[in-house]
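Trainee: Chain by chain, the residues:
Protein chains: 2
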Amino acid sequence: MESNGRKAVVLLSGGLDSATVLAIARTEGYEPYALSFRYGQRHEVELHAAKKVATSVGAAGHVVAEIDLRVFGGSALTADIDVPHHDNADDLSSGEIPITYVPARNTVFLSFALAWAETLEASDVFIGVSAVDYSGYPDCRPEYIEAYERMANLATKAGVEGRQNLRIHTPLIELSKAQTIARGLELGVDYALTHSCYDPSPQGQACGTCDSCKLRGKGFAELGLTDPALSTPPVVA
Amino acid sequence: MESNGRKAVVLLSGGLDSATVLAIARTEGYEPYALSFRYGQRHEVELHAAKKVATSVGAAGHVVAEIDLRVFGGSALTADIDVPHHDNADDLSSGEIPITYVPARNTVFLSFALAWAETLEASDVFIGVSAVDYSGYPDCRPEYIEAYERMANLATKAGVEGRQNLRIHTPLIELSKAQTIARGLELGVDYALTHSCYDPSPQGQACGTCDSCKLRGKGFAELGLTDPALSTPPVVA
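For the record, the sequence lines run as chains Y and D.
The first sequence begins at 205 in our numbering and counts up by one.
The second sequence begins at 205 in our numbering and counts up by one.
A few of these clues could be false.
Note: identical chains are not told apart, hence a pair may lie in one copy or across any two.
What the hints assert, rightly or not - No more than 27 Å apart at the CA atoms, straight line, and that leaves these computed lysine-lysine pairs for DSSO-like:
#: 1; residue 1: K361; residue 2: K422
#: 2; residue 1: K211; residue 2: K418
#: 3; residue 1: K361; residue 2: K418
#: 4; residue 1: K255; residue 2: K211
#: 5; residue 1: K361; residue 2: K211
#: 6; residue 1: K211; residue 2: K422
#: 7; residue 1: K361; residue 2: K256
#: 8; residue 1: K361; residue 2: K255
#: 9; residue 1: K256; residue 2: K422
#: 10; residue 1: K422; residue 2: K255
#: 11; residue 1: K418; residue 2: K256
#: 12; residue 1: K418; residue 2: K255
Derived by calculation from the structure, the hints in this document are not laboratory data.
If you're wondering where the values come from, they're calculated on a predicted model, not measured in any experiment.
Kindly produce the complete structure, drawing on both the sequences and the hints.
Mentor: The structure is reproduced here in structure tokens:
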């Protein structure tokens with residue numbers, strides 16, 4: 205891959221989607237700076253996965269920003285509410301917003317990405333949202349991303365001074381989970397390093413039955429594959 | 205003041221502007237929830253002031269959210285760069301963006317306000333930006349605020365479900381510093397409790413000569429008053 209000489213901030217959770225997006229940013233020639241968050245989520249294993257993915261894909265930098273959304277309550281990912289489990293993947297497409305929704309999460313995450321992009325003098329931010337395997341998150345829709353981009357270009361010193369015309373890249377927005385995985389495999393992403401589970405074992409092993417595990421399992425199954433995160437040792441000892 | 209039965213999130217730095225905004229929200233009948241940030245700023249004294257102001261004005265709640273923008277560098281307020289001092293207030297209106305600019309600060313702060321508003325089932329957020337005593341911050345302009353509001357209404361579960369039509373209130377946006385102070389005094393704001401200084405003494409006393417001290421000093425002077433923050437003991441012992 206040839207460098208285009210441009211830095212980009214890539215939101216990296218350590219999950220399947222963001223790992224794929226990081227590889228896509230690299231392939232498009234960007235120098236990718238990966239941004240993860242310690243945001244009161246219960247599973248530090250996500251951040252271990254993010255670190256391994258950043259190294260594996262070849263990020264130019266990786267920062268973990270500390271934020272704490274628990275102070276506001278309101279989600280299974282940040283509070284002590286039970287995560288729902290399913291016997292099969294079909295109950296995922298109900299169209300309801302899951303209780304694992306975190307209020308304003310992408311808005312908060314993109315805001316930090318914007319701050320870092322300005323400091324790096326970068327004009328490109330990558331985020332792994334998908335509107336196809338739509339899980340009911342309003343902040344994964346194209347109209348939201350477009351409105352964010354417009355706001356961001358009015359927000360910063362670099363934007364006002366004409367040094368920055370921020371673009372939010374959403375390379376997965378029209379891809380199904382299976383298509384995302386196929387693209388990532390083409391680019392050499394090692395999905396065994398990624399972690400998407402909402403309810404891992406204390407040792408960090410994915411459960412295989414939460415919404416997130418079911419969704420990625422279905423994607424691998426459509427390609428005739430098994431999710432390597434379910435058959436490999438956990439990312440933390 | 206009569207309650208309108210609605211909760212509102214009010215961004216509260218502990219400074220003169222946000223203290224005035226909190227009092228305005230109360231006067232308009234909102235039940236105000238004050239939101240402050242520990243964001244790697246060097247001066248904990250701001251948060252002591254915020255707490256005193258929240259109590260004094262009668263906020264329904266006050267939360268301090270932890271965020272750390274230092275990880276990205278780039279500002280005198282969050283890194284080890286010298287704060288500029290001035291002999292008079294005239295050099296403030298140069299139109300240049302000051303080095304005390306924090307990248308994407310209001311975007312980050314409003315994002316947290318949005319998260320809390322959704323959790324509180326509130327549709328109103330108050331922020332003390334002013335476009336008159338324009339200090340060169342792009343994220344204090346009306347066009348920025350309008351774009352943020354539009355984005356926010358596409359971002360949340362509550363917005364999508366029609367339970368929330370978020371409005372960002374900017375009651376100071378057309379007021380000079382003197383007009384802001386006059387309004388606050390009408391509403392009984394005790395400005396001796398507020399803290400705006402970029403470079404206080406180790407005991408928390410305002411310096412009187414940084415951009416922020418000069419700007420508020422000029423506002424009080426226009427009303428024939430002296431800034432009480434300069435003549436009263438600091439808010440921390």
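Trainee: Now look at each hint and say whether the structure bears it out.
Mentor: Do the hints match the structure? See the list:
1. In this assembly of identical chains, K361 and K422 lie within 27 Å of each other by CA distance solely across copies; the values are 26 Å between and 44 Å within a copy.
2. Neither within a single protomer nor between protomers do K211 and K418 lie at most 27 Å apart by alpha-carbon distance, with minima of 34 Å and 38 Å respectively.
3. Only between protomers do K361 and K418 lie at most 27 Å apart by alpha-carbon distance; the minimum there is 23 Å, versus 43 Å within a single protomer.
4. Taking CA atoms no more than 27 Å apart as the test, K255 paired with K211 passes inside one copy only; the shortest distance there is 19 Å, against 40 Å between copies.
5. In this assembly of identical chains, the alpha carbons of K361 and K211 lie at most 27 Å apart only when taken from the same copy (18 Å versus 32 Å across copies).
6. In the homo-oligomer, the alpha carbons of K211 and K422 never lie at most 27 Å apart, since the shortest distance is 34 Å inside one protomer and 42 Å across protomers.
7. Proximity of K361 to K256 under the C-alpha cut-off of 27 Å is found in neither arrangement, the shortest distances being 34 Å within a copy and 32 Å between copies.
8. In this assembly of identical chains, K361 and K255 lie within 27 Å of each other by CA distance neither inside one copy nor across copies; the values are 31 Å within and 30 Å between.
9. Taking identical chains as interchangeable, the C-alpha atoms of K256 and K422 lie at most 27 Å apart only when both belong to the same chain, with a minimum of 24 Å there against 54 Å between chains.
10. Only within a single protomer do K422 and K255 lie at most 27 Å apart by alpha-carbon distance; the minimum there is 25 Å, versus 50 Å between protomers.
11. Proximity of K418 to K256 under the C-alpha cut-off of 27 Å is restricted to the intra-copy arrangement: shortest distance 23 Å within a copy versus 49 Å between copies.
12. In the homo-oligomer, the alpha carbons of K418 and K255 lie at most 27 Å apart inside one protomer (24 Å), although the nearest pairing across protomers, at 46 Å, exceeds that limit.
The structure is inconsistent with the numbered hints 2, 6, 7, 8, although it conforms to all the rest.
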